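Q: Read off the chains here:
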Amino acid sequence: AQNVPNSDWEKKVTEYFKEKLKENNATNWVPSLNDVPVHYLKPNSLVKFRCMVQDMFDPEFYMGVYETVDPNTNARVLHFGKYRDVAECGNFSWYSSLIFLQEIDLNSSQTVTSERQTFYCVPVPGESAWVKEISFLTELVLFVLNPQFYAYISASQARVSPSTSYTPSRHKRSYEEDEDMDLHPSKQKEQHIGSGGDIHGCVEPKRLETEASAGHHLISPNCSPPLDLNFPLPGEKGPACLVKVYESWDSFKVNDVLEVYGILSVDPVLSIVNNEERDSSALDPMECMDTAEEQRVHSPPASLVPRIHVILAQKLQHINPLLPACLNEEESKTFVSNFMSELSPVRAELLGFLTHALLGDSLAAEYLILHLISTVYARRDVLPLGKFTVNLSGCPRNSIFTEHIYRIIQQLVPASYRLQMTIENMNHSRFIPHKDYAANRLVSGVLQLASNTSLVVDETQLEQGQLDTTGVHNVTALGNLITWQKVDYDFSYHQMEFPCNINVLITSEGRSLLPSDCQVHLQPQIIPPNMEEYMNSLLTAVLPSVLNKFRIYLSLLRLLDYSISDEVTKAVEEDFVEMRKNDPESITADDLHRTLLVARFLSLSAGQTTLSRERWLRAKQLEALRKARLQQQKCVNGNEL
Amino acid sequence: TAIPLDFDISSPLTYGTPSSRVEGTPRSGVRGTPVRQRPDLGSVRKARQVDLHSDGLAEDVVATEQSLGQKLVIWGTDVNVASCKEKFQRFLQRFIDPLAKEDEDIGLDLNEPRYMQRLEEINVVGEPFLNVNCDHLRSFDENLYRQLICYPQEVIPTFDMAANEIFFDRYPDSILEHQIQVRPYNALKTRNMRSLNPEDIDQLITISGMVIRSSQLIPEMQEAFFKCQVCSFTTRVEIDRGRIAEPSVCKNCNTTHSMALIHNRSMFSDKQMIKLQESPEDMPAGQTPHTVVLFAHNDLVDKVQPGDRVNVTGIYRAVPIRVNPRVSNVKSVYKTHIDVIHYRKTDAKRLHGVDEETEQKIFTEERVEMLKELSKKPDIYERLSSALAPSIYEHEDIKKGILLQLFGGSRKDFTHTGRGNFRAEINILLCGDPGTSKSQLLQYVYNLVPRGQYTSGKGSSAVGLTAYVMKDPETRQLVLQTGALVLSDNGICCIDEFDKMNESTRSVLHEVMEQQTLSIAKAGIICQLNARTSILAAANPIESQWNPRKTTIENIQLPHTLLSRFDLIFLMLDPRDEAYDRRLARHLVSLYYQSEEKMEEEYMDMAVLRDYIAYARSYVNPRLSEEASQALIEAYVDMRKIGSGRGMVSAYPRQLESLIRLAEAHAKVRFSEKVETTDVEEAKRLHREALKQSATDPRTGIVDISILTTGMSTTARKRKEELAQALRKLIQSKGKTPALKYQQLFDDLRAQSDTAVTKEMFEEALRALADEDFLTVTGKTVRLL
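Here the protein sequences line up with chains A and B, keeping their order. Using full-length UniProt numbering, the first residue of the first sequence is number 1, and each one after it goes up by one. Using full-length UniProt numbering, the first residue of the second sequence is number 1, and each one after it goes up by one.
None of these hints come from the bench; they were simulated from the model. On a predicted model such as this, the values are computed, not experimentally measured, just so you know. All residues carry an ideal CB built from backbone N, CA and C; glycine is no exception. A few of these clues could be false.
[To be verified] Chain B is faced by these chain A residues, among others (derived, beta-carbon under 8 Å):
no.	residue
1	Asp58
2	Phe61
3	Ala87
4	Asp250
5	Lys253
6	Val254
7	Arg380
8	Leu383
9	Asn440
10	Tyr493
11	Thr569
12	Lys581
13	Asp583
14	His593
Could you put together the complete structure from these sequences and hints?
A: The following block contains the structure:
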């Protein structure tokens with residue numbers, strides 16, 4: 001790259017890649033950092049990464065164009081600095097096969113300083129295992145082309161955990177398999193998707209390996225205390241990444257889910273530069289402007305936190321790999337209309353499945369479906385519209401029921417987390433993200449979640465006890481999240497409000513202490529003698545293809561538009577007035593709010609985008625049933641007392 | 001600092017003419033006053049002057065200098081030292097702007113050259129710093145201003161030179177610690193940290209933000225002192241861009257590598273690293289704040305503390321990460337920082353009173369035009385109130401009340417007559433059934449105003465509301481942390497669940513709501529902070545539902561002393577009315593299907609509303625007109641009259657004050673400098689409306705202000721007295737019995753009375769009689785005295 005810079009060049013790059021990636025599933029050919037450990041990926045190659053923006057660092061000025069001087073010949077050469085972490089000054093000569101060291105002329109008039117933004121990205125928190133597996137399998141096509149990647153696949157197929165000691169001999173050993181796959185790649189793929197059980201065999205070792213390699217780096221002498229990768233949820237795995245964005249970074253926000261395509265940079269020099277800086281900082285006051293802590297966080301070893309220089313980045317509407325990424329395109333429209341045509345059997349099946357899961361309670365199952373497709377679709381000044389927090393009361397205490405309910409939800413939605421509300425947990429975990437000024441980063445908390453994550457709060461675990469200050473703050477934050485769909489991040493001198501869109505399901509014995517939009521009291525019809533067995537058999541009984549349909553169903557219906565005709569508006573109005581006349585005490589504006597919500601999700605769950613009179617009546621009916629149950633429950637409790 | 005005073009001047013830019021320096025008669029004046037290096041400008045480069053007419057380098061230079069005679073410019077710039085100096089001197093000598101008011105202007109004659117008076121001040125006070133407002137410079141000489149912004153490193157020393165020449169010309173006998181340094185501030189180049197970009201490098205910028213960290217003091221070498229190990233020859237080497245060029249050969253004895261650094265003869269200056277974070281107001285939603293590193297030098301070290309909000313003027317720098325000769329590849333990233341030239345704290349003043357001007361939002365002319373246009377609309381009051389929290393249905397009067405609260409009354413100062421400040425803030429209490437969107441209204445207001453604070457009565461303690469003393473873990477220094485009430489000074493403090501607040505916390509509010517100050521005496525810190533905050537509180541009834549048969553006080557169980565400090569108390573009840581239900585239903589249904597864009601079309605933008613309020617608050621300060629005063633007096637007299645007919649007081653001076661505030665706020669809504677009778681009318685109406693809701697005696701149906709001021713309606717008090725008298729008669733009728741059974745007496749009274757007597761009423765009557773020293777109650781017996 002020795003031309004004089006022109007901005008066209010930069011535009012052409014993104015356009016070229018955009019075009020290329022459109023061609024026949026090219027996106028699947030790009031290896032993903034989510035699936036492949038970093039050390040199997042070729043440095044400076046194109047990779048993709050599905051991630052959530054956890055933190056935004058300060059903008060960075062870099063040498064967009066710089067000039068090097070050969071100390072011997074005084075020859076000057078211009079270089080581009082974009083998409084790179086390191087300014088190269090070595091110039092490889094083809095004639096002599098020697099590398100000539102050159103020096104960067106920092107005072108050159110040709111130097112162009114440019115700006116880029118760094119995001120600290122983590123894998124989508126709480127991403128379900130099935131999302132990982134399916135998106136991994138759709139990429140299996142890859143290994144036809146990429147021998148390195150193939151080596152990794154075959155290694156993990158052979159159930160070896162190579163960690164860092166990967167050698168080419170393994171590549172050879174699995175050559176036969178290679179050919180086999182080569183011949184029927186699509187068949188192989190189907191097989192994997194088809195058989196849910198098998199998947200684990202092939203993915204599990206990979207994960208172990210990621211862990212192992214991460215662990216390996218953690219104890220390397222370079223950074224003695226282990227670096228906290230700052231995942232929002234405890235126990236998360238996967239690579240964190242510094243994503244460098246070159247254009248329109250203002251359009252991205254914290255907690256956005258992105259898919260980025262870019263150049264992987266794991267140059268070991270990055271770590272060396274670090275050390276140099278640390279050594280010299282004692283001498284040079286200009287460079288001690290960052291604390292050691294900040295250094296560690298902002299430039300961690302590249303092997304642990306790789307860098308991606310973004311060429312293309314897009315915000316994802318959803319992370320369900322079974323759905324086309326963008327629903328507005330022609331292709332996806334046919335997909336949507338095909339699926340919509342067979343919607344009602346899917347809904348019936350899902351309802352049946354959930355009814356079984358909820359021990360035969362079909363009303364609760366109905367409400368659970370409504371809850372799962374709810375999403376905040378607008379905000380009216382401070383009021384979030386479309387949130388539908390369900391409090392499932394009447395759950396048996398101290399049983400594995402709630403745990404299994406979560407496992408089922410986990411199988412259905414792309415991202416979820418189970419929050420066990422114990423005194424211990426409330427007092428000691430970090431819910432609210434807060435700014436650590438020493439390290440200059442946003443320390444994540446459990447409530448830093450991407451949009452449309454299912455948060456299952458298990459209140460059956462709660463015992464009597466004392467909440468301390470943290471506990472009170474945590475409970476308040478959880479309450480605010482439910483009521484206003486926002487979390488106030490703690491910046492110690494002030495708080496900052498981050499809107500969110502999280503589906504909260506609260507399982508509790510009695511009425512939850514947290515606010516909720518609607519309380520459904522569970523009335524089990526069946527009491528299985530062995531809960532564990534019952535629940536397990538439920539999951540194994542459902543066909544993977546059916547399970548996939550459920551997944552598509554729940555993700556797709558969230559994205560539909562909805563309207564109410566004038567006619568129905570009138571009818572609803574009349575109805576409300578009528579109800580108020582009959583019973584002004586118990587019917588309030590809140591009830592109307594709730595019934596309208598139920599009607600909305602009821603219509604959508606049947607694939608209808610407008611409210612019909614029948615749906616409205618059905619919504620009212622559901623509400624009446626639900627309320628009757630609560631009333632009944634009150635009476636029962638009253639008698640017991 | 002470690003600067004020796006008798007240090008010989010080797011800087012290439014010494015101030016004063018070279019000839020005068022050579023003479024060096026040790027007198028005062030320019031010659032006697034030492035130069036102090038300015039590390040804030042970076043190492044003063046050897047400013048090469050370039051002749052524009054010479055060949056070769058001429059094309060490198062932007063030739064904008066008008067005069068052909070002045071051909072010498074500093075290399076890389078268009079700055080001609082001589083003309084620049086002359087222009088700045090002219091500026092100092094002539095700049096007069098009687099309109100430019102600033103908070104530091106105490107004791108300045110605005111009709112005289114401002115900066116000459118400043119120089120005089122320097123002569124008297126002896127602080128050798130001259131702060132120059134760039135805005136003044138800009139209005140005086142646009143080109144000079146541009147040069148200052150673009151080439152601060154070259155221009156500021158020139159300014160120093162100019163200032164010193166004038167100063168020592170006028171006050172030749174003045175002795176200063178060092179020569180005067182010019183500190184420009186308020187450069188308009190950049191206001192927001194987010195808009196900093198590579199083009200701002202090496203330019204003079206002003207940004208605002210909050211200090212989040214400050215480092216310890218760093219001694220930075222300014223000049224290195226080397227001594228030859230062989231012949232003891234000494235030499236000094238200046239720092240050039242953070243580096244020292246170590247002399248490899250001794251100039252005296254020609255020995256190589258014999259020069260050794262002598263630390264304690266080298267010169268150091270103080271330096272401090274400070275992290276500044278974007279102010280929360282400047283940030284786009286959903287992003288994390290940016291930070292920027294500042295370097296403060298010499299006396300600017302330790303001038304700011306973490307938590308301070310400051311405006312910083314300085315030079316933006318980008319330093320390449322050090323190139324290491326051993327590693328061929330280097331990081332291609334620069335580190336950026338700002339060398340601080342001037343600090344201006346914004347919130348220190350806020351705590352000490354005086355001024356609002358520094359916080360003023362800058363409005364563009366078009367925006368002001370638009371707002372003024374808007375204010376001329378006849379229905380602006382209704383428009384604004386309907387734009388307030390559109391998702392909350394109806395409750396128009398409450399919204400109007402809150403709107404007036406947002407505008408606030410005019411601030412009046414009566415300190416010289418000994419009455420102190422009059423409260424200009426309007427306090428509002430909303431009571432009502434749970435689930436009537438009170439919280440939502442509070443949330444809305446909190447999101448609307450820039451200095452809003454939101455707390456819940458349940459969770460807040462007195463400490464959280466006021467201020468507390470914290471030990472900084474790093475410096476071990478005690479820091480006063482301010483709570484919600486102080487933070488919302490000049491803003492609105494929204495307190496939800498007001499009724500759940502505990503007694504001690506509530507007591508704090510007494511002072512705040514009337515005196516608008518907060519007194520703190522804690523850990524040796526005794527101070528009074530301003531808390532000129534409006535309070536918007538929401539309270540739920542003690543019983544889960546509002547009991548219409550009880551008074552407001554009985555319903556929410558708040559002390560009347562606190563209630564009387566609220567200007568307006570509204571009830572938010574669920575109206576039982578078919579037409580209302582119908583409208584509500586339509587409104588709610590529309591919420592559930594309208595797209596966001598459509599909603600926005602219908603209502604006034606929140607941003608417009610915010611700007612409108614901000615503009616009115618800072619620029620409009622209405623005064624009462626003659627007619628309006630008359631109308632107010634009449635209104636007050638009328639209110640008093642209503643009660644006097646029934647033998648009760650129906651209005652207190654507090655109510656009059658409330659009326660005045662409301663009328664002023666209403667005038668502000670119209671951007672009017674005068675309070676007219678229409679404003680008074682609306683104030684009266686709103687006040688009456690609120691009273692009707694909150695101060696109606698449920699037993700008689702009459703509006704009775706004493707419910708709020710004394711906690712009991714006049715009729716209730718009358719009834720209480722009557723009962724006490726009845727009891728006295730009853731006891732007296734029993735003849736001379738020294739003691740009576742409690743229960744017996746209660747039953748007798750009940751039997752005798754024609755209205756129902758509750759136990760509480762009975763006990764109250766007993767207490768009343770006990771107060772009259774008629775009887776005492778001990779346990780279950782009542783003894784006569």
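Q: It remains to establish, for every hint, whether it holds in the given structure.
A: Here's how the hints hold up against the structure:
1. Asp58: 5 Å, holds
2. Phe61: Interface hint status for A/Phe61: holds (4 Å vs cutoff 8 Å).
3. Ala87: Cβ of A/Ala87 sits 4 Å from chain B, so the hint holds.
4. Asp250: Holds - the Cβ of A/Asp250 comes within 8 Å of chain B, reaching about 7 Å at its closest.
5. Lys253: 3 Å, holds
6. Val254: 6 Å, holds
7. Arg380: 4 Å, holds
8. Leu383: 5 Å, holds
9. Asn440: With a closest approach of 6 Å, the A/Asn440 hint holds.
10. Tyr493: 5 Å, holds
11. Thr569: 5 Å, holds
12. Lys581: 7 Å, holds
13. Asp583: 11 Å, violated
14. His593: Holds: closest Cβ of chain B sits about 6 Å from A/His593, inside 8 Å.
The structure is inconsistent with hint 13 alone, although it conforms to all the rest.
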